[in-house]
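K.L.:
Chain by chain, the residues run as shown.
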Amino acid sequence: MRIRDNDTFNEKVNLLLESAVEKPSTRYVASIRPSCSEIRLKVTDDRVCLQSTIDKQDDIKRFLMLNRAMMEKLQNRQPRVAKPAPASATTPPTGHGKGHAGKKKKKGKK
Amino acid sequence: MTLLDNEEFLTRLEAGIRANKDSGTMFVTMKRYSWDERRKAKKAAKAARAADKSGSDVTMAEADAPTADEPTEGSASTQEYPCLMRAEYGRKFKISTLIHPDDTDKFLERYAGVVKRCADVLFQTTAEGAE
Numbered sequence: 001m002r003i004r005d006n007d008t009f010n011e012k013v014n015l016l017l018e019s020a021v022e023k024p025s026t027r028y029v030a031s032i033r034p035s036c037s038e039i040r041l042k043v044t045d046d047r048v049c050l051q052s053t054i055d056k057q058d059d060i061k062r063f064l065m066l067n068r069a070m071m072e073k074l075q076n077r078q079p080r081v082a083k084p085a086p087a088s089a090t091t092p093p094t095g096h097g098k099g100h101a102g103k104k105k106k107k108g109k110k
Numbered sequence: 001m002t003l004l005d006n007e008e009f010l011t012r013l014e015a016g017i018r019a020n021k022d023s024g025t026m027f028v029t030m031k032r033y034s035w036d037e038r039r040k041a042k043k044a045a046k047a048a049r050a051a052d053k054s055g056s057d058v059t060m061a062e063a064d065a066p067t068a069d070e071p072t073e074g075s076a077s078t079q080e081y082p083c084l085m086r087a088e089y090g091r092k093f094k095i096s097t098l099i100h101p102d103d104t105d106k107f108l109e110r111y112a113g114v115v116k117r118c119a120d121v122l123f124q125t126t127a128e129g130a131e
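In the order they appear, the protein sequences are chains A and B. Per full-length UniProt numbering, residue 1 is the first one in the first sequence, and the count goes up by one each step. Per full-length UniProt numbering, residue 1 is the first one in the second sequence, and the count goes up by one each step.
Because the hints were derived from the structure by calculation, they are not lab data. Quick reminder that beta carbons are idealized off the backbone N, C-alpha and C, glycines included. Among the hints, a few may not be true.
[Claimed, not checked] One-sided excerpt, in silico: chain B residues whose CB lies under 7 Å from chain A:
| id | residue |
| --- | --- |
| 1 | M1 |
| 2 | A15 |
| 3 | A19 |
| 4 | S23 |
| 5 | F27 |
| 6 | T78 |
| 7 | Y81 |
| 8 | C83 |
| 9 | Y89 |
| 10 | L98 |
| 11 | T104 |
| 12 | R117 |
| 13 | V121 |
[Stated by the list, open to error] Here are the simulated lysine-lysine pairs, DSSO-like style, with alpha carbons at most 30 Å apart:
| id | chain 1 | residue 1 | chain 2 | residue 2 |
| --- | --- | --- | --- | --- |
| 14 | B | K21 | A | K42 |
| 15 | A | K73 | B | K94 |
| 16 | B | K31 | A | K73 |
| 17 | B | K116 | A | K42 |
| 18 | B | K106 | A | K73 |
| 19 | B | K94 | A | K23 |
| 20 | B | K106 | A | K12 |
| 21 | A | K12 | B | K31 |
| 22 | B | K31 | B | K94 |
| 23 | B | K116 | A | K12 |
| 24 | A | K73 | B | K40 |
| 25 | B | K21 | A | K56 |
| 26 | B | K92 | A | K42 |
| 27 | B | K40 | A | K56 |
| 28 | B | K43 | A | K23 |
| 29 | B | K42 | A | K61 |
| 30 | A | K23 | B | K40 |
| 31 | B | K106 | A | K56 |
| 32 | B | K116 | A | K61 |
| 33 | B | K21 | A | K23 |
| 34 | B | K116 | A | K56 |
| 35 | A | K42 | B | K94 |
| 36 | A | K73 | B | K53 |
[To be verified] Under 8 Å between C-beta atoms, here's a sample of chain B residues computed to sit facing chain A:
| id | residue |
| --- | --- |
| 37 | E14 |
| 38 | I17 |
| 39 | K31 |
| 40 | R32 |
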């Protein structure tokens, strides 16, 4: 099924992946044809086949966004939790506080 | 099919697109790589069936192991899989790579760079036609 409208294509792809992402035959194919100046997109599970075409340079952004969405769905990627920032290394060491820690007094020679 | 690391795959993909710009089609396929998980499930199911036939005691791990037909309930929603990406042009140019979930962002950034650099090659006909 070739779909011209981008929103319809994205919607149908999402529906297909929800039902068939676990099948080993589910795949996303991009056919890059420089001689015809187009990229043909196909998402299929060997039962349903959804196709779309990119023939303008302005639509490359849409192609890249679709790549990202497809890869994340195929991997079942979970949201990454940001790690808390490590404690600063400049905390002063605890101990008996001596004001002249680190300073050595020179003893004069008699 | 040559399995490469991510960087090498992208380098060769860009070279392949530029080299074959006059004719033919480059097929880039993306699939979930679930071979390891299915293989483990089959082995566990086989061990459980063998234990049943012999009449020996089945350990809790074997009894609770998922079969090939039964997906795991708790892990099905959170299990992450690598993504297998293949690029083919004719019979001689066939390369592939595995993208792990942790490397996805980095790989997609580099892939976007490759596509943008090759955009002038991909859409060269429309640019010349417009002139």
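K.L.:
Evaluate each hint against the coordinates.
P.N.:
Consistency of the hints with the structure:
| no. | hint | in the structure |
| --- | --- | --- |
| 1 | M1 | 15 Å, violated |
| 2 | A15 | 13 Å, violated |
| 3 | A19 | 10 Å, violated |
| 4 | S23 | 5 Å, holds |
| 5 | F27 | 6 Å, holds |
| 6 | T78 | 6 Å, holds |
| 7 | Y81 | 5 Å, holds |
| 8 | C83 | 5 Å, holds |
| 9 | Y89 | 9 Å, violated |
| 10 | L98 | 11 Å, violated |
| 11 | T104 | 6 Å, holds |
| 12 | R117 | 11 Å, violated |
| 13 | V121 | 5 Å, holds |
| 14 | B:K21 to A:K42 | 21 Å, holds |
| 15 | A:K73 to B:K94 | 25 Å, holds |
| 16 | B:K31 to A:K73 | 10 Å, holds |
| 17 | B:K116 to A:K42 | 21 Å, holds |
| 18 | B:K106 to A:K73 | 17 Å, holds |
| 19 | B:K94 to A:K23 | 23 Å, holds |
| 20 | B:K106 to A:K12 | 28 Å, holds |
| 21 | A:K12 to B:K31 | 18 Å, holds |
| 22 | B:K31 to B:K94 | 16 Å, holds |
| 23 | B:K116 to A:K12 | 27 Å, holds |
| 24 | A:K73 to B:K40 | 22 Å, holds |
| 25 | B:K21 to A:K56 | 16 Å, holds |
| 26 | B:K92 to A:K42 | 23 Å, holds |
| 27 | B:K40 to A:K56 | 45 Å, violated |
| 28 | B:K43 to A:K23 | 19 Å, holds |
| 29 | B:K42 to A:K61 | 41 Å, violated |
| 30 | A:K23 to B:K40 | 17 Å, holds |
| 31 | B:K106 to A:K56 | 26 Å, holds |
| 32 | B:K116 to A:K61 | 9 Å, holds |
| 33 | B:K21 to A:K23 | 34 Å, violated |
| 34 | B:K116 to A:K56 | 13 Å, holds |
| 35 | A:K42 to B:K94 | 19 Å, holds |
| 36 | A:K73 to B:K53 | 40 Å, violated |
| 37 | E14 | 11 Å, violated |
| 38 | I17 | 6 Å, holds |
| 39 | K31 | 5 Å, holds |
| 40 | R32 | 4 Å, holds |
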